[in-house]
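Protein chains: 2
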Amino acid sequence: MKTHLIFGSLLALILTSFNVAAAQPASDQPSSIPADTANGIAFPVNYQDWAVVSVAHREDNKTLRAIVGNPEAIQAIKDGKTNPWPDGAILGKMVWKDRQDDHWAAATVPDKFIHAEFMFKDHQKWADTGGWGWARWVGTEQIPFGNDTLSASASCVACHTPVKNQDWVFHKPAIMPKRIR
Amino acid sequence: MKTHLIFGSLLALILTSFNVAAAQPASDQPSSIPADTANGIAFPVNYQDWAVVSVAHREDNKTLRAIVGNPEAIQAIKDGKTNPWPDGAILGKMVWKDRQDDHWAAATVPDKFIHAEFMFKDHQKWADTGGWGWARWVGTEQIPFGNDTLSASASCVACHTPVKNQDWVFHKPAIMPKRIR
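Each protein sequence line maps, in turn, to chains Y and F.
Here the first sequence stands for residues 10 to 190, where the numbers follow my numbering.
Here the second sequence stands for residues 10 to 190, where the numbers follow my numbering.
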């Protein structure tokens with residue numbers, strides 16, 4: 010589920026759409042898209058309360074990540090049905106710049122919040138982009154990134170192509186104790 | 010909230026109690042303590058569904074961590090009341106051995122689940138141990154670690170003493186977008 014921006018012609022496209030999104034307050038979004046949508050997708054309200062799917066530390070861009078899932082995604086993990094993930098599952102990733110912990114020198118902890126990125130599974134609706142809708146909201150103000158499906162999804166799909174065989178998702182669910190039912 | 014085992018006399022005590030706990034199935038715990046308690050504290054059922062408080066990567070022991078909070082802890086974060094944390098707040102930490110990601114060489118992701126550790130806030134009940142009850146369950150089978158309050162808490166409290174001034178908690182809540190109420 011990593012979304013490194015790829016280079017080449019896509020980069021210009023991505024930067025252009027980022028600048029447009031960042032410069033526009035949400036209220037200036039086209040009227041056909043609700044103010045809080047990114048890439049044509051509705052904001053997943055209160056994803057901060059979703060359960061943990063995994064965590065990651067990327068040394069290349071010095072970021073820490075928490076991968077979370079909506080209740081449908083968590084149920085899919087419990088059922089062992091994550092390749093493919095079922096329609097309705099949403100995976101979210103909160104990304105922070107990393108920093109050294111104040112009290113434990115060998116520990117890396119979150120600094121500034123960078124963005125939250127999401128994959129929305131609907132194998133019919135998003136058939137052209139791997140069965141997933143892709144979206145990002147930037148910063149603590151959650152500014153929508155991208156305002157049309159084609160440009161923003163292209164970078165996501167390109168980056169996730171190496172994990173096409175695991176339903177386009179980088180992170181396998183972290184091993185954890187089973188819930189008590 | 011890190012719980013490095015400290016060295017010296019405590020280490021022997023800790024290892025002894027670990028060995029006892031690891032060797033005993035939960036059903037062999039003393040009858041005065043429910044089978045699923047650790048260090049005299051009841052197991053926090055389905056903590057896996059709690060929301061994210063923070064994440065961390067410890068380079069010294071090569072572990073990744075997800076810090077989660079029960080609803081009382083998450084409400085305290087929303088209210089900005091985390092020093093001290095309110096009674097009823099529980100902070101949990103899931104700890105995994107780290108490994109290199111299969112598809113992104115610069116990314117570190119969870120491998121084997123090591124243990125889950127918890128701090129239970131009750132400033133009166135746990136007045137002798139910083140206002141927190143301390144407990145750990147080991148492995149995916151969640152074997153209780155320690156079966157008396159004194160020995161297991163001593164190592165936790167000793168390790169957390171550097172963060173006494175932030176109510177004994179290493180992890181400040183990660184910056185994240187506010188929930189929509």
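Just so you know, the hints here were simulated from the structure itself, not pulled from any lab data.
Just so we're clear, the structure is a prediction, and the values are computed from it rather than from any experiment.
Where hints are given, some of them may not hold.
The list treats identical chains as one, so a pair stands whether inside a single copy or across any two.
[Claimed, not checked] Listed below are the simulated SDA-like cross-link pairs for lysine to any residue, each with C-alpha atoms no more than 25 Å apart in a straight line:
id, residue 1, residue 2
1, K106, T91
2, K173, H132
3, K173, P80
4, K71, I184
5, K173, Q133
6, K187, P171
7, K87, A167
8, K181, N55
9, K71, D137
10, K173, K187
11, K134, R108
Now the hints, each set against the structure:
Taking the shortest alpha-carbon separations for K106 and T91, only the inter-copy value of 22 Å comes in at or below 25 Å, while the best intra-copy value is 28 Å. In the homo-oligomer, the alpha carbons of K173 and H132 lie at most 25 Å apart inside one protomer (14 Å), although the nearest pairing across protomers, at 51 Å, exceeds that limit. For the identical chains of this complex, K173 and P80 are intra-copy neighbours only, at 23 Å inside a copy versus 36 Å across copies, given an alpha-carbon limit of 25 Å. When the C-alpha separation of K71 and I184 is checked against a cutoff of 25 Å, the pair qualifies both within a copy, at 24 Å, and between copies, at 16 Å.
Taking the shortest Cα distances, K173 and Q133 sit within 25 Å of each other inside one copy (17 Å), while across copies they are farther apart (53 Å). Proximity of K187 and P171 under a CA criterion of 25 Å is satisfied in neither setting, with 29 Å inside one chain copy and 33 Å between copies. In this assembly of identical chains, K87 and A167 lie within 25 Å of each other by CA distance neither inside one copy nor across copies; the values are 29 Å within and 37 Å between. Proximity of K181 to N55 under the C-alpha cut-off of 25 Å is found in both arrangements, the shortest distances being 23 Å within a copy and 20 Å between copies.
Proximity of K71 and D137 under a CA criterion of 25 Å is satisfied in neither setting, with 32 Å inside one chain copy and 39 Å between copies. Taking the shortest Cα distances, K173 and K187 never come within 25 Å of each other, neither inside one copy (27 Å) nor across copies (33 Å). In the homo-oligomer, the alpha carbons of K134 and R108 never lie at most 25 Å apart, since the shortest distance is 39 Å inside one protomer and 35 Å across protomers.
Checked against the numbered hints listed earlier, the structure breaks hints 6, 7, 9, 10 and 11; every other hint is satisfied.
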